[in-house]
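K.L.:
Sequence:
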Amino acid sequence: MMIRTFLTVALAACTLAAPAAAQTAYISNERGSSVSVVDLASGEVIDTFAVGQRPRGILLSKDGKYIYVCASLDNAVEIRDAKTGALVAVMPAGNDPEQFFLSGDGRLLFVSNEDDAAATAIDLETRQVAWQVEVGEEPEGIAQSPDGKWLLVASEEDSTVSWIDLATRETVLEMETDARPRHIEFTPDGKRVWIAAEMGQTVHVVDVVSRAIIETIPFAPPGALPYKVLPCGIRFTPDGKLAVIALGRADSIAVVDTQSLAVLHYIRTGGRPWHLAISSDGKRAVVANGTSDDVAVVDLAKAEVVARIPVGEGPWGVVLAE
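Numbered per mature numbering (1 follows the signal peptide of the UniProt record, and there is no 0), the sequence shown spans residues -22 to -1, 1 to 300.
The set of hints was computed from the structure by calculation and includes no laboratory data.
One or more of the hints may lead you astray.
[To be verified] Lysine to aspartate or glutamate pairs mimicking DMTMM-like chemistry, simulated, CA-CA at most 25 Å apart:
#, residue 1, residue 2
1, 40, 229
2, 206, 167
3, 127, 148
4, 219, 167
5, 169, 235
6, 206, 229
7, 280, 229
8, 169, 154
9, 280, 22
10, 169, 125
11, 40, 59
12, 261, 17
13, 127, 185
14, 219, 271
15, 40, 217
16, 43, 93
17, 61, 93
18, 61, 259
19, 261, 271
20, 40, 259
21, 206, 163
22, 61, 271
23, 169, 83
[Said to hold, decoys possible] Label-pair ranges, simulated between beta-carbon atoms:
#, residue 1, residue 2, range
24, 206, 108, 16 to 26 Å
25, 239, 216, 18 to 28 Å
26, 242, 148, 18 to 28 Å
Note that the Cβ used here is the ideal one computed from N, Cα and C, for glycine as well.
Work out the full structure: start from the sequences and follow the hints.
P.N.:
Shown next, in the form of structure tokens:
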């Protein structure tokens, strides 16, 4: 314990030397039913507050006033005050909400319901369900295209992604993927969408206009057994030049050049990185390590971890605030 504490403090001290755009990280702790609030400048947890059961997806409202938390076992989305963690409201969200996505205009929250084979849209003004669409079995990853036209939902069990036309709320395509797609992320320019197939151990790169897979990226981090390479969370730097992908039980992330699609770096971050966030200046990634109960702060230019910060039990998701 003394060695781990020393390393944590020493690494956290490195963050003080390089101010970052994002100063606060909110971490959903899946096993601990809590949210940790981390000051990234000091590398310290400044608050921890209890939330509903099995929190996974976590987002910040457009104005930064509220945190949205998927309380999966409570079948609800909680709205909490971003400064105090106080519960503001509980919204119905269908069965077992896992991931969600805030619409471009900030009016709707799109939720994937793992046990319902459905995607739910919640009206944030009325705080009621606006509509639902049937999708494949065990949906998880969900994302709206930057132009607002498409809502994509990944079905883990069916190994498909539903393309929902938001104008008609109808599914126009069930696109087949490698096994168990878990996360969907559009590039900043909206021309491509990347899909992480966990059990396929790959990430698909899809052309949005043709809705066709144009490339599939495999991963082979040094020292990791192949069956432990489980791609999940994907984030792009704001300039769209880099993709950072959490590789699950390979205990690593991959940094990928989005033009060449070459893996530039594998970086060991901690136990089972699942989701992550990237600072608005594109310099750092904050990675939730689900089995080592901490977050890793990664300097992307140096391709190295500069801090490991203990948080709650089973960190799952990350959202950053300026």
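K.L.:
State for each hint whether it applies.
P.N.:
Status of the hints after comparison with the structure:
1. 40 - 229: Not satisfied, since the Cα-Cα distance of roughly 32 Å exceeds 25 Å.
2. 206 - 167: 32 Å, violated
3. 127 - 148: 12 Å, holds
4. 219 - 167: 11 Å, holds
5. 169 - 235: 16 Å, holds
6. 206 - 229: OK: residue 206 and residue 229 at ~8 Å, within 25 Å.
7. 280 - 229: Status holds; Cα separation ~19 Å.
8. 169 - 154: 19 Å, holds
9. 280 - 22: 22 Å, holds
10. 169 - 125: Roughly 10 Å between the alpha carbons, so the hint for residue 169 and residue 125 holds.
11. 40 - 59: Roughly 13 Å separates the two Cα atoms, so the pair holds.
12. 261 - 17: Holds. Residue 261 to residue 17 sits at ~16 Å (cutoff 25 Å).
13. 127 - 185: 14 Å, holds
14. 219 - 271: 30 Å, violated
15. 40 - 217: 20 Å, holds
16. 43 - 93: Judged against 25 Å, a Cα distance of about 30 Å means the pair is violated.
17. 61 - 93: 32 Å, violated
18. 61 - 259: 23 Å, holds
19. 261 - 271: Judged against 25 Å, a Cα distance of about 23 Å means the pair holds.
20. 40 - 259: 18 Å, holds
21. 206 - 163: 22 Å, holds
22. 61 - 271: 23 Å, holds
23. 169 - 83: 19 Å, holds
24. 206 - 108: 16 to 26 Å: Between residue 206 and residue 108, where Cβ atoms are some 40 Å apart, the hint is violated.
25. 239 - 216: 18 to 28 Å: 19 Å, holds
26. 242 - 148: 18 to 28 Å: 40 Å, violated
When the structure is compared with the earlier hints, violations turn up for hints 1, 2, 14, 16, 17, 24, 26 and for no others.
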